[in-house]
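Q: Now for the letters of each chain:
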Amino acid sequence: MSTSTAFALLANGTCLPWSEVPESSLAEFLQATRSELDRGGRLCSWFGVPDGDAVRLVSIVGFDADNTLAAARSAPIRGGYPALTLTHPQAHLFERELWEQHGIVPEGHPWLKPVRRIAGDAPANGEFFRVDGREVHEVAVGPIHAGVIEPGHFRFQCAGEEVLHLEIALGYQHRGAERALPGGPHRTTMFQMETVAGDTTMGHATAYATVLEALAGTEAPLRAQWLRAVALELERLANHTGDIGALAGDVAFLPTMSACGKIRGDFLNLTAIICGNRFSRGIVRPGGCGYDLDPDRSSRLFEKLAAALKDVEQAATWFWDAASVRGRFENVGTVHASQGAEIGLVGVAARACGLVRDVRFDHPTGWHRFGQVPVAVWPGGDVFARARVRSLEIQRSGQFLKEQLLAPPEGEIFSELPPATPDALAVALVEGWRGEVCHVALTDSAGKFRRYKITDPSFHNWTGLALALRGTAVSDFPICNKSFNLSYCGHDL
Amino acid sequence: MFVLDTLTHRLKRGCETMAYPHAAPPPLPDRHGGALRVDASKCAGGCSDCIPACPTQAIGRIPGGPIQLDLGRCLFCKACVEACEPGAIQQTNDHRMAVRKREDLLLGAPGQEELRLAAALDEKLRKLFGRSLRLRQVSAGGCGACEADVNVLGTIGWDLSRFGISYVASPRHADGLLVTGTVSRNMELALKKAWDAVPAPKIVIAVGACAISGGPFIGHPEILNGAGSVVPVDLYIPGCPPHPLTILDGLLRLLGRLENSDRLMAKAG
Numbered sequence: 002m003s004t005s006t007a008f009a010l011l012a013n014g015t016c017l018p019w020s021e022v023p024e025s026s027l028a029e030f031l032q033a034t035r036s037e038l039d040r041g042g043r044l045c046s047w048f049g050v051p052d053g054d055a056v057r058l059v060s061i062v063g064f065d066a067d068n069t070l071a072a073a074r075s076a077p078i079r080g081g082y083p084a085l086t087l088t089h090p091q092a093h094l095f096e097r098e099l100w101e102q103h104g105i106v107p108e109g110h111p112w113l114k115p116v117r118r119i120a121g122d123a124p125a126n127g128e129f130f131r132v133d134g135r136e137v138h139e140v141a142v143g144p145i146h147a148g149v150i151e152p153g154h155f156r157f158q159c160a161g162e163e164v165l166h167l168e169i170a171l172g173y174q175h176r177g178a179e180r181a182l183p184g185g186p187h188r189t190t191m192f193q194m195e196t197v198a199g200d201t202t203m204g205h206a207t208a209y210a211t212v213l214e215a216l217a218g219t220e221a222p223l224r225a226q227w228l229r230a231v232a233l234e235l236e237r238l239a240n241h242t243g244d245i246g247a248l249a250g251d252v253a254f255l256p257t258m259s260a261c262g263k264i265r266g267d268f269l270n271l272t273a274i275i276c277g278n279r280f281s282r283g284i285v286r287p288g289g290c291g292y293d294l295d296p297d298r299s300s301r302l303f304e305k306l307a308a309a310l311k312d313v314e315q316a317a318t319w320f321w322d323a324a325s326v327r328g329r330f331e332n333v334g335t336v337h338a339s340q341g342a343e344i345g346l347v348g349v350a351a352r353a354c355g356l357v358r359d360v361r362f363d364h365p366t367g368w369h370r371f372g373q374v375p376v377a378v379w380p381g382g383d384v385f386a387r388a389r390v391r392s393l394e395i396q397r398s399g400q401f402l403k404e405q406l407l408a409p410p411e412g413e414i415f416s417e418l419p420p421a422t423p424d425a426l427a428v429a430l431v432e433g434w435r436g437e438v439c440h441v442a443l444t445d446s447a448g449k450f451r452r453y454k455i456t457d458p459s460f461h462n463w464t465g466l467a468l469a470l471r472g473t474a475v476s477d478f479p480i481c482n483k484s485f486n487l488s489y490c491g492h493d494l
Numbered sequence: 045m046f047v048l049d050t051l052t053h054r055l056k057r058g059c060e061t062m063a064y065p066h067a068a069p070p071p072l073p074d075r076h077g078g079a080l081r082v083d084a085s086k087c088a089g090g091c092s093d094c095i096p097a098c099p100t101q102a103i104g105r106i107p108g109g110p111i112q113l114d115l116g117r118c119l120f121c122k123a124c125v126e127a128c129e130p131g132a133i134q135q136t137n138d139h140r141m142a143v144r145k146r147e148d149l150l151l152g153a154p155g156q157e158e159l160r161l162a163a164a165l166d167e168k169l170r171k172l173f174g175r176s177l178r179l180r181q182v183s184a185g186g187c188g189a190c191e192a193d194v195n196v197l198g199t200i201g202w203d204l205s206r207f208g209i210s211y212v213a214s215p216r217h218a219d220g221l222l223v224t225g226t227v228s229r230n231m232e233l234a235l236k237k238a239w240d241a242v243p244a245p246k247i248v249i250a251v252g253a254c255a256i257s258g259g260p261f262i263g264h265p266e267i268l269n270g271a272g273s274v275v276p277v278d279l280y281i282p283g284c285p286p287h288p289l290t291i292l293d294g295l296l297r298l299l300g301r302l303e304n305s306d307r308l309m310a311k312a313g
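Protein sequences appear in the order of chains A and B. When the letters of the first sequence are read in order and numbered with this note's numbering, they come out as residues 2 to 494. When the letters of the second sequence are read in order and numbered with this note's numbering, they come out as residues 45 to 313.
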């Protein structure tokens, strides 16, 4: 394939000297990014790198069909630039973030407001898009929600029951996870990466370790790559099962809700066989894994996995057999494929619009170069499709795990990392259970982080939830929300 | 036929709720390790190797004395256990970790090798909450893992409601707050408002390293290093995240409903 010379190509999980990331004037850089996105590229990351009192823009574009990534940077700029969002809505949150972090103004941005920063006492004290009219009313929900879930604020503009517009104000979970990284890695960094989004520990920890390994010019031993892939699928199984159960609960279909609540725990306990922790803490360490899966443990895991897979298959069958469930899910919360592509959806939400997007398939790195999982896609874009994709992925991840556990590669599980390459840029994408986790690191002349950018799949997908609500009833919010089940902390960082 | 099938399958699965606390608790995963124990008498050499090994600076040295480990900051990564050659820091495999006072999580001083398990509420509060405790969960600047394992107690395996404990939607219906997360500055107001809305008498339970001390994000200017900075905490449950068994133990211990189970465990040695 050919790309403009404004971009350098690189593969997932590799690094490039910073000097080889082409630098163009602002106008050329913007033009090149626009034309790559027009050709079907996807904006994986977009951020600023401070340079004195100016800022360089960095653009990471993914070409999924070509299995390659591309990176470019602008000359140092001050002030502002014409917003990409006007022509490419997938950039809208990235541009708000850039403005919030560096004060660079994306001129003409239709809705420029902070992403995470506090406005008065809380993010919800900011301005909201409002619909006017005598019949229009506003519904405000959160930051504290009715259930045991993370905080965020939802503001609905409604005409009667119908939702005309939903705006989502986040930032309540902001802990400074990304802000703390320049000058690192620090002693706590690995542990912070494991808790960027606690239900996606494998996703973020693997992306972080892959970035460090790429910067060190090496890879983790094969056995460690294998174990990471195994644990990543266990994480997917636990979360998808939990989501199926939660969706069942929201339509009062209790058999599947009860069963899946329990089976989700069974999957979490499988992860605990590996590392003692139900949320994968300690499995990934830069240079390999912190634990090995000895044959005895592996056969225990296999046995319990087979039982849990049978249970979840049964619970899902009850659910899909029920016309009352299907009727409640079909044609509710629809995001069309064209909308999904336009706003840059990733992961389950994208695949449920019929978009074939899966890092394990598009940008295979680590063990996924040797062991493939078929991509699960479903057209429709509604709650039904998102539940269906999860159900299919449970089957496929289960099959993958059964194959992998029977054929582990031999060898070391960990090897000490050489020092990081100075002045280099590394990119790692991992298909977490929600979708694409993207980590980009730029080192300084001493090999320490100069800039580190984390993009959780939720960052792309929250807009999808907002769109899904349009034209539905407020009472459909719970099932729409559960069908996306996005991370607040992964977004808020 | 569908309804019949569903019922048959459901019946076949039988009762899936565990017998604990009327029988022995399910074992912790073997690599979990449980609560830590610091035996200062084995720390005579004073090598201090454990101090830099800890990611959250949970370990320090009492001047001229033994090391001190703060289980409220601990992520249970076991790095200190591996670093300690004389074996002064050890795993106990004990799931019981809830305490009433913050200082009860400090290990190391003579007589304080292990954490000091929580005492039950006073009689008046036990009378009020002992058989019916409604909690409003507030998630504030955490990672979602503590929330997940707080939630799991409501599933059929653990069935929290058999103890009369449940999570409610409104703080006005609650007897107390269960806080998870570091308490980000952006959640400070919401947490205060939730606390004010709970009618007195009321309690606060801090679950997880973040809610106790800030956990892996301790010291970040974006957070307030735990629930204690905003509301008075009555029960601390350490872990990252705490195992559901540890959380359940803490809740039941606070309500004074574990005396029989403790006796059973003591008998079993």
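Please note that a few of the clues may not be correct.
Claimed, not checked - The calculated DSS-like cross-link candidates involving lysine-lysine, where the alpha carbons are at most 30 Å apart (straight line), are:
1) A:LYS305 / B:LYS56
2) B:LYS246 / A:LYS449
3) B:LYS122 / A:LYS305
4) B:LYS168 / B:LYS56
5) B:LYS56 / B:LYS145
6) B:LYS236 / B:LYS246
7) A:LYS114 / B:LYS145
8) A:LYS311 / B:LYS171
9) A:LYS311 / A:LYS449
10) A:LYS114 / B:LYS246
11) B:LYS171 / B:LYS86
12) B:LYS246 / B:LYS145
13) B:LYS56 / B:LYS86
14) A:LYS403 / B:LYS56
15) B:LYS171 / B:LYS246
16) B:LYS86 / B:LYS145
17) B:LYS86 / B:LYS168
18) B:LYS145 / B:LYS122
19) B:LYS122 / B:LYS86
20) B:LYS168 / B:LYS246
21) B:LYS171 / B:LYS236
Calculated from the structure, these hints are not laboratory results.
Q: If you test the structure against every hint from before, which numbers come out violated?
A: Hints 2, 4, 5, 7, 8, 9, 10, 11, 13, 17 are the ones this structure does not satisfy, whereas the remaining hints hold.
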